[in-house]
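K.L.:
Residues per chain, in single letters:
Protein chains: 2
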Amino acid sequence: MESKALSPITIVLVEPAGALNVGSIARVMANMGLDRLVLVNPQCDYLGDEARKMAVHARAILENARCVPTLTDAVVGCQRIVATTARDRTLPTHLEHPREVLPWLLGVSSALVFGREDRGLSNEELNVAQRFVRIPSSSVYPSLNLAQSVAVCAYELYNAAGVAPTVPPTAEPEAPAEALEAYYGDLERLLLDIGYLYPHTARARMEKFRRLYNRVHPSETEIAMLRGILRQVEWALDRKN
Amino acid sequence: MESKALSPITIVLVEPAGALNVGSIARVMANMGLDRLVLVNPQCDYLGDEARKMAVHARAILENARCVPTLTDAVVGCQRIVATTARDRTLPTHLEHPREVLPWLLGVSSALVFGREDRGLSNEELNVAQRFVRIPSSSVYPSLNLAQSVAVCAYELYNAAGVAPTVPPTAEPEAPAEALEAYYGDLERLLLDIGYLYPHTARARMEKFRRLYNRVHPSETEIAMLRGILRQVEWALDRKN
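Heads up: the sequence lines are chains A and B, in that order. Numbered according to our numbering, the first sequence spans residues 1003 to 1243. Numbered according to our numbering, the second sequence spans residues 1003 to 1243.
Next up, chain A with everything else stripped away, as it sits in the complex (with noise of 0.2 Å):
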């Protein structure tokens, strides 16, 4: 597993119609750490040949997965509860936005339960949950497809993991100052020579350039290469003469 703190963590779908969405959610599972899933009265064909050709490399999730008749079976044991909603009800408690809520799951026996494709969750199974997640979305067409509900929540419990691997840094030294001045050097001169740049105007004209290169922080290498060419240049010049 990649991480302990997502390995206890249930996803739970509750009478999934869409064979190809339950495909679908085995391989996000499988792409974010997540490993166990419980389908609720399914009312598609979960092992068949659509959702494994959607689950790719993740079908062993769906051999895997547990199926019960009621939500309330589905989440014997654990201690968490989150329910997903799309639909501001005349729900007890707020909304909470994923990155909010979802946290709350990890390294805990929790169930995070998704509802019908057409119709989610009803009253009596939103009861079964003690914090409700709502994904943000436009008002012009709020209604996520169900595996796609399931991606944006698992990638979020994912995040929230934090085994995300840090930002590698750039592989490359930055060149130090004395190289960049070099650098700013030869290009004056060969600007000058070239007419480009008059001796009255190059020092505001070369204040451009360092903007430029200052802002990008070349590397060694890159520094090299941009010296090269400046010779390269003048060599073809030389040679013309």
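Take the hints with a grain of salt, since some may be wrong.
Computed footprint of chain B on chain A, listed as stretches where at least three residues anywhere in the stretch have a Cβ under 8 Å from a Cβ of chain B [to be verified]:
#1 1031 to 1037
#2 1134 to 1144
#3 1148 to 1154
#4 1185 to 1199
Derived DSS-like pairs: lysine-lysine, alpha-carbon spacing no greater than 30 Å straight-line [claimed, not checked]:
#5 Lys1055(A) with Lys1006(A)
#6 Lys1210(A) with Lys1210(B)
#7 Lys1055(B) with Lys1006(B)
#8 Lys1055(B) with Lys1055(A)
Derived Cβ-Cβ restraints for the label pairs, each shown as a range [what the hints assert, rightly or not]:
#9 Val1110(A) with Val1078(B): 48 to 58 Å
#10 Leu1049(B) with Met1208(A): 47 to 57 Å
#11 Asp1051(A) with Glu1065(B): 22 to 32 Å
#12 Ala1226(A) with Val1078(B): 28 to 38 Å
#13 Trp1106(A) with Asp1047(B): 39 to 49 Å
#14 Glu1174(A) with Asp1047(B): 39 to 49 Å
#15 Ala1226(A) with Glu1222(B): 24 to 34 Å
#16 Pro1201(B) with Asn1066(A): 48 to 58 Å
#17 Asp1047(B) with Thr1072(A): 36 to 46 Å
Quick caveat, the hints were computed from the structure, so don't treat them as lab data. The model shown is predicted, which means the values in this text are computed figures rather than measured ones. No residue lacks a Cβ here, since even glycine has one placed at the ideal position from N, Cα and C.
With chain A held as given, fit chain B onto it using these hints.
P.N.:
Showing chain B alone in chain A's frame:
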């Protein structure tokens, strides 16, 4: 529109092969307040029944999708381009977390580019982008489904548009992609002419320059200045012939 910061962002799919994927992507784009879709040489019937079924209430996005032959055509007029990659390639620049890089696309003409389901983007295609995003995922099964990748990125864009203050405009407008391309073309011709590049090494060498300049996001004035130098060098060489 939901947010003015989202409206100038284009989602670009390079050679998508799954109609179901393209349909799902249209839906999640609508869910997240995005509406510009460009398909580069699509390999599926993105207006057929499968795609329309998955798009549900977002069919207008499919119908208004623009089809173009190459990625370069897709990003004409875009100031900022981010490419997605799953691979820890030997990229010079680092792969960034969605939350880190995607807010940079808000509020300006920009493109978020996704590769083929099976092979992603070629190195040449990756070179069109200035920054690179990698969705964190399990090392056991890192490869996300295309539509799921778009969902995660669209969700992050939507979050960022709602929370993050709009990007402060840089003093000067950034040069559009085609101005950078024109500069690279001029530079390559000159460097071949003076013998700095050889035809068989030109591509690899030019990639290093692209990386350097793509990192700095030159303004229109700066690109004009860089092209001015090239013209002056050419003039100096001609004069001495």
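K.L.:
Work down the list of hints and note, for each, if the structure agrees.
P.N.:
A quick look at each hint next to the structure:
no. : hint                                   : verdict
1   : 1031 to 1037                           : holds (count 4)
2   : 1134 to 1144                           : holds (count 8)
3   : 1148 to 1154                           : holds (count 4)
4   : 1185 to 1199                           : holds (count 5)
5   : Lys1055(A) with Lys1006(A)             : holds (28 Å)
6   : Lys1210(A) with Lys1210(B)             : holds (22 Å)
7   : Lys1055(B) with Lys1006(B)             : holds (28 Å)
8   : Lys1055(B) with Lys1055(A)             : holds (18 Å)
9   : Val1110(A) with Val1078(B): 48 to 58 Å : holds (51 Å)
10  : Leu1049(B) with Met1208(A): 47 to 57 Å : holds (55 Å)
11  : Asp1051(A) with Glu1065(B): 22 to 32 Å : holds (30 Å)
12  : Ala1226(A) with Val1078(B): 28 to 38 Å : holds (33 Å)
13  : Trp1106(A) with Asp1047(B): 39 to 49 Å : holds (43 Å)
14  : Glu1174(A) with Asp1047(B): 39 to 49 Å : holds (45 Å)
15  : Ala1226(A) with Glu1222(B): 24 to 34 Å : holds (28 Å)
16  : Pro1201(B) with Asn1066(A): 48 to 58 Å : holds (56 Å)
17  : Asp1047(B) with Thr1072(A): 36 to 46 Å : holds (41 Å)
Checked against the numbered hints listed earlier, the structure breaks none of them; every hint is satisfied.
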